[in-house]
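Those sequence lines, one after another, are chains Y and D. Counting in the working numbering, the first sequence runs from 1 upward without gaps. Counting in the working numbering, the second sequence runs from 1001 upward without gaps.
To be clear, the hints were calculated from the coordinates, so they are not data collected in a lab. Treat the hints loosely; a few may be bogus.
Claimed, not checked - Derived CB-CB ranges, DEER-like:
| hint | chain 1 | residue 1 | chain 2 | residue 2 | range |
| --- | --- | --- | --- | --- | --- |
| 1 | D | L1021 | Y | N200 | 49 to 55 Å |
| 2 | D | M1001 | Y | S79 | 22 to 28 Å |
| 3 | Y | E128 | D | Q1030 | 57 to 63 Å |
| 4 | Y | Q227 | D | K1002 | 37 to 43 Å |
| 5 | Y | W20 | D | D1033 | 29 to 35 Å |
| 6 | Y | Q161 | D | D1381 | 46 to 52 Å |
| 7 | D | A1013 | Y | R125 | 33 to 39 Å |
| 8 | Y | N200 | D | A1013 | 24 to 30 Å |
Note that the coordinates shown come from a computational prediction; the quantities given were computed from them, not determined experimentally. For each residue, glycine too, the CB sits at the ideal point set by N, CA and C.
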Amino acid sequence: MENLPLAEPGVQLSVWALFWQAGWVVKLVMIGLLFASIWTWAIIVDKVLGFARMRRSLDRFEQVFWSGQSLDELYRTLSDRKPTGMGSIFVAAMREWKKSFEKGARSPIGLQNRIDKAMDLALTREMERLEGRLGFLATIGSAGPFIGLFGTVIGIMTSFQAIAGSKSTNLAVVAPGIAEALLATAIGLLAAIPAVIAYNKLSSDAGKLAVRMEGFADEFSAILSRQIDEKIPQQRAA
Amino acid sequence: MKAGLTTSVVLHAAVLGFGLLSLSAPAPLQVADVEALPVDIVPIEEMTQIQQGDKKAPMAETPAPMPTKRPDIVADAQKVGENDIDTDNPPTPADKPRPVKTAEATAPAPKPVEKPKTEDTPKPPEEPKPVPATEVAPVPAPRQEVKPEPVKEPEPKPEPVRQPEPKPAEKPQETAAAEPVKPDAVAEAIAEEQEKPAEQVAQLPDSAPRPEARPRPAPAETAKAPERKTSEKPVREASSRPQSEDTGSIENQVEALLNKEKSKGGGAKRSNQQAALGGERTTGGSKLSQSEMDALRGQVQRCWNIPAGAMDGGNLRVSVKFKLDPSGALEGSPEIISGGGSSGVERAAAEAARRAVARCSPYTLPAEKYEAWADVIVNFDPSEMF
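Here chain Y stands alone, though its shape is the one from the complex (with noise of 0.2 Å):
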């Protein structure tokens, strides 16, 4: 600390000379809050492809399911290839389904138990492949400003010192180092204000999808649980 870094007035101010100048905690905060930045996008970028794309295979899924396709034409068709959003609950459910009937269900009470519980399974794992990562963004969000004022009050205070020792309070003196510490808050805030609305807005539309999945669990537990009630009489029958 004896030797400290005097901004001397005149330097350059460009955003870059800022960065170089500052001391190494600062550019240290600086360089974390960028790469905070970098990934807060990625996940901003990753999210909404990722969420118009689950929206559009539900639309595909609803479209096929309610067309009056055999159920089990559909699952053959499905279980093929690796399903997402709906289809892996209904793949789930029908999987589940044929296990138990294949073998002679004994009570329908205990096989709808059953399907219902795959169901909720895999509709969690699917809203956790959605909502995967905005905590990140929340996280961000509330602590970048907090880390680049971090940064800054570190600039300052050694900006502060470095004028007591220069013995000089010539406002040209105290800018240099007080710009480039209040560089690291601008860069937090550029981080955390994308993060703050990214996940505002990511976090409402898993919201919207996580309950159109859910409705459609609830929609063929119902169906399938018709179907028990149909055909076990049969098989007893039989």
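Add chain D to chain Y, keeping to what the hints say.
Just chain D now, with coordinates in the frame of chain Y:
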């Protein structure tokens, strides 16, 4: 995820590259050169510490009072002036020679008698005797415009004196009435005029003239009154001035004595320098420092027996004013300038304060600042003692 990450990295690289290029050093703030405003910090001492000089004279290197003419006769005089005695009063301008000199001239009586003759000659040369005229004449020279009036007015009086019979019926009455009275009455009339009752008597006839009273010569007063009435204004003007000369009037005598006292003021210190801007006297501006004040307070406090009932009394504050001589001893008796009200406790507190000042009498204070502690006011506040 890969797609997102690449997109993000590309986006950031683009933004940073754009920022580095466009967000270069901001243009330096253009600040117009403003001429600095000179600001002087003037210590209060410049106002309080002034040198002896003349208030109206132009400023010079060293302030000096107006040069005096008379030789120095008073040693160690403080105030500059032409006076014989050193006084603190400001010099008063010399009075203009108004009635002052006429009053002084009262002693030589014969003189005014002669003067009127020369002035009167143009108008009434016949009468050498007219008493009112002689009295009017000696009015000081500067008032010449006024003089003719009274002189003219008295004239009619003497004229009728000579020809009482030929005049019309109305006038003879007045003149006749005036005539017998005149010799000694004029002076009396003038004297009496000052008395208000006499004036009232004179005014009354205005509304109701009394013809019967005129013929009677016996009551001199009634006769005099009408005379005033006929020429009320002129006579009064004429008489008002003679009054100052009238040796008989006590007021005039007193006035004459008073007038001899020339206005005094200014000091007796002599100056022979060119007048320059300054104050009436040199004020050192010396004041006691906080520690010196505390020292004085401590000395007084040592001798102060706080009155017994003062524990709860916030209003037992007493201010005592006293004078000190250069040795620090009490001069005169301390004076209570505030506090010490009617109630017994308050009076006791005031007396306690006075006793405290008197008991500690020789105070040790910096001698060179005597000016600052010659008059001291000490506030005694018992509530601050607990």
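Status of the given 24 to 30 Å range, CB of A1013 (chain D) versus CB of N200 (chain Y): This hint holds: roughly 27 Å between Cβ atoms.
Cβ separation of Q227 (chain Y) and K1002 (chain D), checked against the hinted range 37 to 43 Å: The hinted range 37 to 43 Å holds for Q227 (chain Y) and K1002 (chain D), with Cβ atoms some 42 Å apart.
Range hint compliance [Cβ, W20 (chain Y) to D1033 (chain D), 29 to 35 Å]: holds (33 Å)
Pairwise beta carbon distance, Q161 (chain Y) to D1381 (chain D), judged against the given window 46 to 52 Å: holds (50 Å)
Supplied distance hint 33 to 39 Å, evaluated on CB atoms of A1013 (chain D) and R125 (chain Y): holds (35 Å)
Whether the CB-CB distance between E128 (chain Y) and Q1030 (chain D) falls inside 57 to 63 Å: holds (59 Å)
C-beta pair M1001 (chain D), S79 (chain Y): status relative to the range 22 to 28 Å that was hinted: holds (26 Å)
L1021 (chain D) versus N200 (chain Y) beta-carbon gap, inside 49 to 55 Å or not: violated (33 Å)
Hint 1 alone, counting from the list given before, is not met by this structure.
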